[in-house]
Amino acid sequence: MGHAHESNTKKIWTVFAALSLVTIVEVALGIAKPDSLHRVNLINTSLLNWIFIILTIVKAYGIMWYFMHLEGEKKSLRWSIVAPLVFLILYLCFIVLVEADYIFEVFKHSHYKWIF
Amino acid sequence: MGATVTHEHALDGGPGPMGATYGKMMMWFFIVSDALTFSGFIAAYGFSRFKFIETWPIADEVFTHFPFLHGQTLPMYYVALMTFILIFSSVTMVIAVDAGHKLQKTKVAIYMLLTIVGGFIFLGSQAWEWKNFIKGEYGAVETTGGSILQFVKAGKDGKYERVKLEEFAATLPEEREQLTREKGFWFMSESTLPEYSVNEVMAGFKAHPEVLVRTEMIKDKHKTVLTREDSEKRLADAAHVVQGANLIRNEYGHKLFADFFFFITGFHGFHVFSGVMLNILVFFNVLLGTYEKRKSYEMIEKVGLYWHFVDLVWVFVFTFFYLV
Numbered sequence: 000m001g002h003a004h005e006s007n008t009k010k011i012w013t014v015f016a017a018l019s020l021v022t023i024v025e026v027a028l029g030i031a032k033p034d035s036l037h038r039v040n041l042i043n044t045s046l047l048n049w050i051f052i053i054l055t056i057v058k059a060y061g062i063m064w065y066f067m068h069l070e071g072e073k074k075s076l077r078w079s080i081v082a083p084l085v086f087l088i089l090y091l092c093f094i095v096l097v098e099a100d101y102i103f104e105v106f107k108h109s110h111y112k113w114i115f
Numbered sequence: 000m001g002a003t004v005t006h007e008h009a010l011d012g013g014p015g016p017m018g019a020t021y022g023k024m025m026m027w028f029f030i031v032s033d034a035l036t037f038s039g040f041i042a043a044y045g046f047s048r049f050k051f052i053e054t055w056p057i058a059d060e061v062f063t064h065f066p067f068l069h070g071q072t073l074p075m076y077y078v079a080l081m082t083f084i085l086i087f088s089s090v091t092m093v094i095a096v097d098a099g100h101k102l103q104k105t106k107v108a109i110y111m112l113l114t115i116v117g118g119f120i121f122l123g124s125q126a127w128e129w130k131n132f133i134k135g136e137y138g139a140v141e142t143t144g145g146s147i148l149q150f151v152k153a154g155k156d157g158k159y160e161r162v163k164l165e166e167f168a169a170t171l172p173e174e175r176e177q178l179t180r181e182k183g184f185w186f187m188s189e190s191t192l193p194e195y196s197v198n199e200v201m202a203g204f205k206a207h208p209e210v211l212v213r214t215e216m217i218k219d220k221h222k223t224v225l226t227r228e229d230s231e232k233r234l235a236d237a238a239h240v241v242q243g244a245n246l247i248r249n250e251y252g253h254k255l256f257a258d259f260f261f262f263i264t265g266f267h268g269f270h271v272f273s274g275v276m277l278n279i280l281v282f283f284n285v286l287l288g289t290y291e292k293r294k295s296y297e298m299i300e301k302v303g304l305y306w307h308f309v310d311l312v313w314v315f316v317f318t319f320f321y322l323v
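So the sequence lines, in the order shown, correspond to chains A and B. According to numbering that gives the first Met the number 0, the stretch in the first sequence is residues 0 to 115, in order. According to numbering that gives the first Met the number 0, the stretch in the second sequence is residues 0 to 323, in order.
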């Protein structure tokens, strides 16, 4: 691989600080659970949960881009890793969660109970 | 990597397709497939959770322990600590890879060792987490219909606080012997009996009018607490006393909750364990000078990719098991 390797130590610690900060924010929100986020519903789950998911994706990006060094890879390798993951995971979550929500409705409105 | 060495052929470790060596590319392929496996597990967890969205256990009430701080309810802090440990061991790994590019043998060895130590601390933390989960804290009762009933009483500040079975269960002059294979037929055995029988819990409940039943149903972000009359009615269906968790039933709520917890964190823990083993292998190769002779520390980079992947998975497990 042709790319030059300058010392990255400073950048590594900056990324670590950023990832830690995101984790601290997540934990603080998880413990405080402010009503303005926790009780507001957005597409089947609370706003707080969406914030958690977005922060998780930010962390995943940080780990893959800097720690797993995708920034130094060729564009073709980068995309052949990220594109299948993004597409397949979104697709899987979509079908599975929509189906689960449907089953929940069936259970809820059925004339007999499964768990009582 | 490989700055000092030139290979003619891709299979010698020279530039392969997409500018990466074959070894590294195959590690990436493995990671992509493993990432999809974990996505499948987490999506399955999401499926069960959305299916039982009104009755699923609340993570904050399940994971409340912190080492050396007994009897306090401290949600989240312990897993947050575990997350830090894993991210930090990722950092030491990156530094080792970075030192490998500069062919600094001693620095690589030191940081590999730190990564291994971090991995072992994480595994130990997970074992402790499992121990608390399996042991349980309050105990509960399972009805004939398979739902879990927990016990609460009104606290001083008007909020309900959990009551342990041992705080109110009666002691009756009855004995129930554990069935083991020596006592019955060779194919007959049963899991460890709980400390209290259903009758003892029922008798204790009658004697303590302040104790109420809390159901799994979530209303307004909290589990529903029944009135005393309704509690008595629900408790009449009690079939099992549940303490802690196993693969069949758990005191926290829906059966699948413990199953997914054991399976996903266990599978991740197994990955961490494999990662630590790979790290140890590579660490000894560094000490023996294998990569020094090769003039390339690419192996550190490849094992490093796996190690970061393990960290990456934990970030998602942390979110979906403990936060959301």
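If you're looking for bench data, these hints aren't it; they were derived computationally from the structure. Any given hint could turn out to be false.
Said to hold, decoys possible - Which stretches of chain B does chain A cover? Using the computed rule of at least three CB atoms under 8 Å from a CB of chain A, they are:
| hint | stretch |
| --- | --- |
| 1 | 25 to 35 |
| 2 | 73 to 83 |
| 3 | 88 to 97 |
| 4 | 164 to 177 |
Model, not experiment: these values are computed from the prediction. Beta carbons are placed, not taken as given, at the ideal position from N, Cα and C, and that holds for glycine.
Now the hints, each set against the structure:
Interface restraint, the stretch 25 to 35 of chain B with chain A: holds (5 residues with C-beta to C-beta distance below 8 Å; minimum three). Under the rule that three or more residues need a Cβ within less than 8 Å of chain A, the assignment of the stretch 73 to 83 of chain B holds, with 6 such residues. Residues of the stretch 88 to 97 of chain B lying with their CB closer than 8 Å to a CB of chain A number 7, which satisfies the three-residue condition for coverage. Coverage of the stretch 164 to 177 of chain B by chain A is violated in this model, with 0 residues showing a Cβ closer than 8 Å to a Cβ of that chain against a need of three.
Checked against the numbered hints given earlier, this structure breaks only hint 4.
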